[in-house]
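K.L.:
These are the residues of each chain, in order.
Protein chains: 2
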Amino acid sequence: MAQSDTVVRILDTAEALFAEKGFAETSLRVITSRAKVNLAAVNYHFGSKKALIQAVFARYLDPFCEEFNKELASLEKKSEVTLEELLEVLARCTVSVPATKGSLSVFMRLLGLAYTQAQGHMRRYLQEHYGQTFLRFTNLLKLSSADLPDAERFWRIHFMLGAVVFTMSSLDALRDIALSDYNEKTRIADLVARLLPVVTAAMQAPVPEQPELVH
Amino acid sequence: MAQSDTVVRILDTAEALFAEKGFAETSLRVITSRAKVNLAAVNYHFGSKKALIQAVFARYLDPFCEEFNKELASLEKKSEVTLEELLEVLARCTVSVPATKGSLSVFMRLLGLAYTQAQGHMRRYLQEHYGQTFLRFTNLLKLSSADLPDAERFWRIHFMLGAVVFTMSSLDALRDIALSDYNEKTRIADLVARLLPVVTAAMQAPVPEQPELVH
DNA sequence: TAATGTTTGAAACACCTGTTTAACTTGGAG
DNA sequence: CTCCAAGTTAAACAGGTGTTTCAAACATTA
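Here the protein sequences come in this chain order: A and B.
Using my numbering, the letters of the first sequence correspond one by one to residues 588 to 802.
Using my numbering, the letters of the second sequence correspond one by one to residues 588 to 802.
In case anyone wonders, no lab produced these hints; they're calculated from the structure.
All C-beta atoms, glycine included, are put in the ideal place defined by N, C-alpha and C.
Incorrect hints may appear among the rest.
[Stated by the list, open to error] Distance windows between CB atoms, simulated:
| no. | chain 1 | residue 1 | chain 2 | residue 2 | range |
| --- | --- | --- | --- | --- | --- |
| 1 | A | 795 | B | 664 | 23 to 31 Å |
| 2 | B | 736 | A | 714 | 37 to 45 Å |
| 3 | B | 594 | A | 795 | 38 to 46 Å |
| 4 | A | 616 | B | 665 | 55 to 63 Å |
[As the list claims (entries may be wrong)] Calculated pairs, SDA-like style, for lysine to any residue (alpha carbon to alpha carbon, straight line, at most 25 Å):
| no. | chain 1 | residue 1 | chain 2 | residue 2 |
| --- | --- | --- | --- | --- |
| 5 | A | 637 | B | 617 |
| 6 | B | 772 | A | 794 |
| 7 | B | 772 | A | 641 |
| 8 | A | 772 | B | 649 |
| 9 | A | 608 | B | 712 |
| 10 | A | 637 | B | 760 |
| 11 | A | 665 | A | 784 |
Using the sequences and the accompanying hints, generate a full structural model.
P.N.:
Following this line, the structure appears as structure tokens:
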């Protein structure tokens, strides 16, 4: 068939390789040969390597955002939203959505890479396409932690984002250690259960003295 | 002079460029030309690009570990160590040591990159050269949080490591946002002041029900 | 001063990169 | 059956990569 599964095979292979080695370290030749697809297929179907990277992200983030936006909408209707509620919704969407199609740890590792590596175009892409959903989330977060100064909340969001992304992105290695050192087989659900009280406590930690503002 | 400053100039330039663009994205030609040094100098003085990357880290981490080990030694003599004490020592060493020679944010970004990017040789190098100091730290951490189950502490260490590394690795971008959105010029010292209570609270968060162990 | 070992310099090496080209195959509509 | 657009293929392109070579320049020792 002409309309074959070439696109999907490229996406699957690229996703796995990107997560394993990073973007710059993964060449189109490795992707296409492992996907059993011609080298030119990437440029034909996606246009460029950059566009392929973005497509890999979109395949995860689009369904996630759709689901998450629904949940946010129902939360926005409520008169009051607790921090625990909001975080629980976030955790549930994160776990449920990509579970239907792939490994969560792969996606998390990709997200971590996107933030640190390739500082340019990926950040811009994520901001442009998913910034609105993120803003919606932070608005609710503001309601559920009204006593926190805005700047303090801003930083804590990123602290916690780091905790999640970093842990998830080296999940396999950490899981191995947890198994051998503590005899614990950690499922994603267990990790989320561990993260929730930590993140909640972190967000509610006492506020230190403020740094001076720009006059 | 034969013993010129070539090595230092390479290290300075490589450090800045690695932090800015990542390891794979920074070529030896860019480094050497900006450092006003011959292309072959890197391979002559360091042996390879990998060795150069490791040398960049060693220049930061060696003095840090020396200082940190001293502090750890005096803590180990005490009969009791609180979590706040231990974290404060860690923060102080982190801030003070590299401040003598370069930007802390550069170093932190490098550390973040090392963990996410180039998963292979850098992780191994860090483990081999600085794993013992890390172990010493975690042993003290265990004493200062004795009520925490070992597995729980293990995961929380990595949550907090992620919070620090991730934030630091995208520090410049976050700092720009903090400045434009909250009119705050965040110095590294401010960030550390923000991190300390958050990390402390996170480590002391209530422990959720345990996941089942491998029989 | 002469010999020595270290450091630099320009060029080449072999290889890998993303992208483009143009010929070729193929599935489905008229 | 014909035709056309969509998809695939192998080859080439232009440029960048880390590394090596070997002669020249240099500082330091005898």
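K.L.:
Against this structure, judge whether each hint is valid.
P.N.:
Status of the hints after comparison with the structure:
| no. | hint | in the structure |
| --- | --- | --- |
| 1 | A:795 <-> B:664: 23 to 31 Å | holds (29 Å) |
| 2 | B:736 <-> A:714: 37 to 45 Å | holds (39 Å) |
| 3 | B:594 <-> A:795: 38 to 46 Å | holds (41 Å) |
| 4 | A:616 <-> B:665: 55 to 63 Å | holds (58 Å) |
| 5 | A:637 <-> B:617 | holds (22 Å) |
| 6 | B:772 <-> A:794 | holds (17 Å) |
| 7 | B:772 <-> A:641 | violated (32 Å) |
| 8 | A:772 <-> B:649 | violated (35 Å) |
| 9 | A:608 <-> B:712 | holds (17 Å) |
| 10 | A:637 <-> B:760 | holds (21 Å) |
| 11 | A:665 <-> A:784 | holds (23 Å) |
Comparing the model with each numbered hint stated earlier shows that hints 7 and 8 do not hold.
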